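Trainee: The primary structure of each chain is shown beneath.
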Amino acid sequence: MSDKSPLIQLQNITKDYILGDGQSYQALNNISLEIDAGEFIAIVGPSGSGKSTLMHILGALDNPTLGKYLFKGKDISTYTDDQLAEIRNKEIGFVFQTFNLLSRTTVFKNVERPMMYAGVDEKKRKERVNDALELVGIAEKANNLSNKISGGQIQRVAIARAIIMNPSIILADEPTGNLDTKTSHEIMGFIKDLNEKGRTIILISHENDIAAYARRVIKLVDGKIVSDTRRK
Amino acid sequence: MEYKEIFKSAVQALRSNILRTSLTMLGIIIGITSVILIYSIGQGAVAFITNELSSFGTDYFQINPGGSQISTFAGSEALTFDDLEAIKNDASLTNIKSVAPIAMASVPVSSNEEEDELLTYGITPEVFDILRPEIIEGEFITQEQEEASERVVVLGSEVAKTFFGENSQSVGENLKINNRNFRVTGVVDSSSALAGGFINNAIYIPINVVINDILGEEKLQEIDISVHDPGSINQTIDDVENLLRDRHDLDENDENDFQIQSAQDILTTVQTITGLLTAMIAAISGISLVVGGVGVMNIMLVSVTERTKEIGLLKAIGAKQKDILTQFLVESIVMTLIGGFIGIFLGIVGAYSVSAILGIPFVVSIPAILIAVGVSTLVGIIFGLYPARKAAMLAPIDALRYE
Numbered sequence: 049m050s051d052k053s054p055l056i057q058l059q060n061i062t063k064d065y066i067l068g069d070g071q072s073y074q075a076l077n078n079i080s081l082e083i084d085a086g087e088f089i090a091i092v093g094p095s096g097s098g099k100s101t102l103m104h105i106l107g108a109l110d111n112p113t114l115g116k117y118l119f120k121g122k123d124i125s126t127y128t129d130d131q132l133a134e135i136r137n138k139e140i141g142f143v144f145q146t147f148n149l150l151s152r153t154t155v156f157k158n159v160e161r162p163m164m165y166a167g168v169d170e171k172k173r174k175e176r177v178n179d180a181l182e183l184v185g186i187a188e189k190a191n192n193l194s195n196k197i198s199g200g201q202i203q204r205v206a207i208a209r210a211i212i213m214n215p216s217i218i219l220a221d222e223p224t225g226n227l228d229t230k231t232s233h234e235i236m237g238f239i240k241d242l243n244e245k246g247r248t249i250i251l252i253s254h255e256n257d258i259a260a261y262a263r264r265v266i267k268l269v270d271g272k273i274v275s276d277t278r279r280k
Numbered sequence: 006m007e008y009k010e011i012f013k014s015a016v017q018a019l020r021s022n023i024l025r026t027s028l029t030m031l032g033i034i035i036g037i038t039s040v041i042l043i044y045s046i047g048q049g050a051v052a053f054i055t056n057e058l059s060s061f062g063t064d065y066f067q068i069n070p071g072g073s074q075i076s077t078f079a080g081s082e083a084l085t086f087d088d089l090e091a092i093k094n095d096a097s098l099t100n101i102k103s104v105a106p107i108a109m110a111s112v113p114v115s116s117n118e119e120e121d122e123l124l125t126y127g128i129t130p131e132v133f134d135i136l137r138p139e140i141i142e143g144e145f146i147t148q149e150q151e152e153a154s155e156r157v158v159v160l161g162s163e164v165a166k167t168f169f170g171e172n173s174q175s176v177g178e179n180l181k182i183n184n185r186n187f188r189v190t191g192v193v194d195s196s197s198a199l200a201g202g203f204i205n206n207a208i209y210i211p212i213n214v215v216i217n218d219i220l221g222e223e224k225l226q227e228i229d230i231s232v233h234d235p236g237s238i239n240q241t242i243d244d245v246e247n248l249l250r251d252r253h254d255l256d257e258n259d260e261n262d263f264q265i266q267s268a269q270d271i272l273t274t275v276q277t278i279t280g281l282l283t284a285m286i287a288a289i290s291g292i293s294l295v296v297g298g299v300g301v302m303n304i305m306l307v308s309v310t311e312r313t314k315e316i317g318l319l320k321a322i323g324a325k326q327k328d329i330l331t332q333f334l335v336e337s338i339v340m341t342l343i344g345g346f347i348g349i350f351l352g353i354v355g356a357y358s359v360s361a362i363l364g365i366p367f368v369v370s371i372p373a374i375l376i377a378v379g380v381s382t383l384v385g386i387i388f389g390l391y392p393a394r395k396a397a398m399l400a401p402i403d404a405l406r407y408e
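Protein chains in written order, with our numbering: chain G, 49 to 280; chain D, 6 to 408.
If you're looking for bench data, these hints aren't it; they were derived computationally from the structure. Possibly wrong hints are sitting among the right ones.
Derived DSS-like pairs (lysine-lysine); straight-line CA-CA distance at most 27 angstroms [as the list claims (entries may be wrong)]:
(1) K13(D) x K171(G)
(2) K174(G) x K327(D)
(3) K189(G) x K267(G)
(4) K122(G) x K13(D)
(5) K196(G) x K245(G)
(6) K230(G) x K122(G)
(7) K138(G) x K102(D)
Sample of chain D residues with no beta-carbon within 12 angstroms of chain G, all distances over it, derived [stated by the list, open to error]:
(8) E7
(9) I322
(10) I329
For clarity, every value in this text was computed on a predicted model and none was experimentally measured. Beta carbons: idealized from backbone N, C-alpha and C, even for Gly.
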């Protein structure tokens, strides 16, 4: 693969779910998509459009029913649970809408956790956590329990954790869904900064003003891409 | 993930629901406490009896008439002075140090004020070496007194108290035994918890006097034999047994009409009984541990369900199946191990109190503690494995979407 090959290639991805009554439901229908390194993409669409399913597949949290997912040129659609865990650990940073942090655990420990799974030694972990918390402006909360900080602070900690392994992609699923407008834009400011420093961002949102931060907007309806527009 | 971090996170998870954790541990605590307690008390009892028996020495054995111990006092005539002489005079029985005959009777004893029915030992001086009482006044029955069939008596300390009061001189006083006058020549006392009761409440007079003046017939209720080498005591016992069987004209198929018992036999019996008791309690504790283990499994399953979203999050940030499995397994092991340690502590405290109350030695058994730690860990692994596996196998997406 040359350096110019896309970071992510989805080729004819279909995802079916088997419902309780034995019927199947198609959440994604023959999706093909290429994402280059450094892009800032928003995936939008009404609820039930398949944007969460698409995010789960992009985030290596789930395997497609049909089609190929090439990540850095490698087909990971047939990877095992543990192989996908490795990809998630090293290549993808997640920021979820809710339940981002381990409660009863300090901010520091939350940010440190992915490095523990990766086997990074304690001294390096400490340095990197402190740097990341500094970057999102929350270093003074390092020893607070994560259930004792505000919603905006939680999302900042989540961002710190998402970048701690220096991943290729940040996947943010409605990261501002639970925040007030002012805090939402503050958080989006951090995400935009990360993109400007060269990181690939994939953002899922149903809010237009949040999606407006992205330079490319992919709209899904009924499991299909209905538009893929780039802003200059 | 490093084990130190896994352990810390397990303790944190358990602490966050301290009441539930404590209740879950209860089954393990009860099981381990009872194992440690019963085992320690059993060992203490064995140590106590061993001490008692060795204060009499493991270098002697006794022969009683009759095929069963019940006949000891039944007056069976299976043991005679001829038997005694035969044992004494057999040149092949080189290990025998001394042979002491005992003739027993329960006789009325009276002074001017008191009257009582007392156990009377007709003895020779050799008995002193076997009972090993402490002489607190005067002297024990002597060879001369025995040979001359003198009417002298040595009193057990309690008897002396009853007839002559505490702290007063008994030697030189007279007692009527079976309506004949006897002169008191000594007082003995035994501090042994097992035998003291007998020794201190009995009186001792020369054996010929008992046979001629009291029993009126020549019969022995006991022959005590001490040996030079306790190591070959069993050989000596066999030899004496054969000699007596010969003398009593017993055929090969006949049962013994006498009984031989050594201190070692008594100890073995006690050990068998405590061993059985310990095994029984261990079985009951085993049931408690299984029930406790099922409780642990139940709570761990609840915990996995409650923390489904947490598991999803951990998987999203890179936890592998092994990481999740280890985390939950360590939680269950930490829970049963802490339960085990509390159980060990309570068991030791309980055993200490019980031994203090019963007056037996306090024994802490290291193997029992090690086994308790091992069993606790094992219960944690066995009953934690299924919930931990269930957690590890959760699909990240199902875990994240769980409501």
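Trainee: Looking back at the hints listed earlier, which ones does the structure fail to meet?
Mentor: Violated hints (numbers, rising): 3, 4, 5, 6, 7, 8, 9, 10; every other hint is consistent with the structure.
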